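Residue-level listing of the chains:
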Amino acid sequence: KQEVTQIPAALSVPEGENLVLNCSFTDSAIYNLQWFRQDPGKGLTSLLLIQSSQREQTSGRLNASLDKSSGRSTLYIAASQPGDSATYLCAPHRTPLVFGKGTRLSVTA
Amino acid sequence: DTAVSQTPKYLVTQMGNDKSIKCEQNLGHDTMYWYKQDSKKFLKIMFSYNNKELIINETVPNRFSPKSPDKAHLNLHINSLELGDSAVYFCASSQSTGQGSNEKLFFGSGTQLSVL
Chain A
1 KQEVTQIPAA LSVPEGENLV LNCSFTDSAI YNLQWFRQDP GKGLTSLLLI
51 QSSQREQTSG RLNASLDKSS GRSTLYIAAS QPGDSATYLC APHRTPLVFG
101 KGTRLSVTA
Chain B
1001 DTAVSQTPKY LVTQMGNDKS IKCEQNLGHD TMYWYKQDSK KFLKIMFSYN
1051 NKELIINETV PNRFSPKSPD KAHLNLHINS LELGDSAVYF CASSQSTGQG
1101 SNEKLFFGSG TQLSVL
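Chains as they are written, first to last, in this note's numbering: chain A, 1 to 109; chain B, 1001 to 1116.
One should not assume that every hint holds.
[As the list claims (entries may be wrong)] The calculated lysine to aspartate or glutamate pairs, modelled on EDC-like cross-linking and capped at a C-alpha distance of 16 angstroms, are:
hint	chain 1	residue 1	chain 2	residue 2
1	B	1041	A	39
2	B	1104	B	1030
3	A	101	A	17
4	A	101	B	1030
5	B	1044	A	3
6	B	1071	B	1038
7	A	1	B	1030
8	A	42	B	1038
Don't read these hints as lab results, they were simulated from the structure.
Note that this is a predicted model, so its numbers are computed, not measured.
Same shape as in the complex, but just chain A (with noise of 0.2 angstroms):
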């Protein structure tokens, strides 16, 4: 059964600084992973794909990197803003996905 963890549980950063979320996982036999957002109150929000083929996927200042091997994902975000205050999810895909229990980020302006 897959298991996943996410540390930090909490964070708060000034705004401005660059940071690295990190996700474990203990069946490495998965599909993707994909990393979401979830705003207070509100669903979640795709943000990153990693097939599991591939080492890192980029989308503006987010960058997941994937080692299916060791079981761990990392999301790089740089230059943190206010509006990346958010809930983020990590959750490697094998039917079906099994979500982590987030980090609860915070950018202070």
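Starting from the known structure of chain A, arrange chain B on it as the hints suggest.
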């Protein structure tokens, strides 16, 4: 147009009642899901349907019954509601079952269920 829409957004009800949550997606996706997010914000799969057929049924009490009248809709009916059912329920959809594919999941905005 909202891609995955669920109604109602909030649902407050008494223990023992029966209630339904509706979900519709206009993305033309084949697969739909129900997830439950508990008070600790832990998100867990409940059910998955592919082209109106049940493909995933996690350990969920049989008081919960999903119904898919067509592949664009997946409704969740809950009988004899209990206090522990209070949570946020999310509907989601994807293009296929995800086996060997690289499609993304699209989520609805959630239904906050409060059982009193």
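To see whether the hints hold, each was checked on the structure:
1. Distance check on the hinted pair: residue 1041 of chain B and residue 39 of chain A sit about 12 angstroms apart at the alpha-carbon level, within 16 angstroms; holds.
2. Among the hinted pairs, residue 1104 of chain B with residue 1030 of chain B is consistent with the structure: their alpha-carbon atoms are about 12 angstroms apart, no more than 16 angstroms.
3. Pair hint residue 101 of chain A plus residue 17 of chain A does not hold up; C-alpha atoms about 23 angstroms apart against a cutoff of 16 angstroms.
4. For the suggested pair residue 101 of chain A and residue 1030 of chain B, the alpha carbons sit about 27 angstroms apart, so the restraint of at most 16 angstroms is broken.
5. Pair hint residue 1044 of chain B plus residue 3 of chain A holds up; C-alpha atoms about 11 angstroms apart against a cutoff of 16 angstroms.
6. Of the supplied pair hints, the one linking residue 1071 of chain B and residue 1038 of chain B is violated, its CA atoms being roughly 27 angstroms apart against a limit of 16 angstroms.
7. Taken as a hint, the residue 1 of chain A and residue 1030 of chain B pair is broken in the structure, with Cα atoms around 25 angstroms apart against an allowance of 16 angstroms.
8. Distance check on the hinted pair: residue 42 of chain A and residue 1038 of chain B sit about 14 angstroms apart at the alpha-carbon level, within 16 angstroms; holds.
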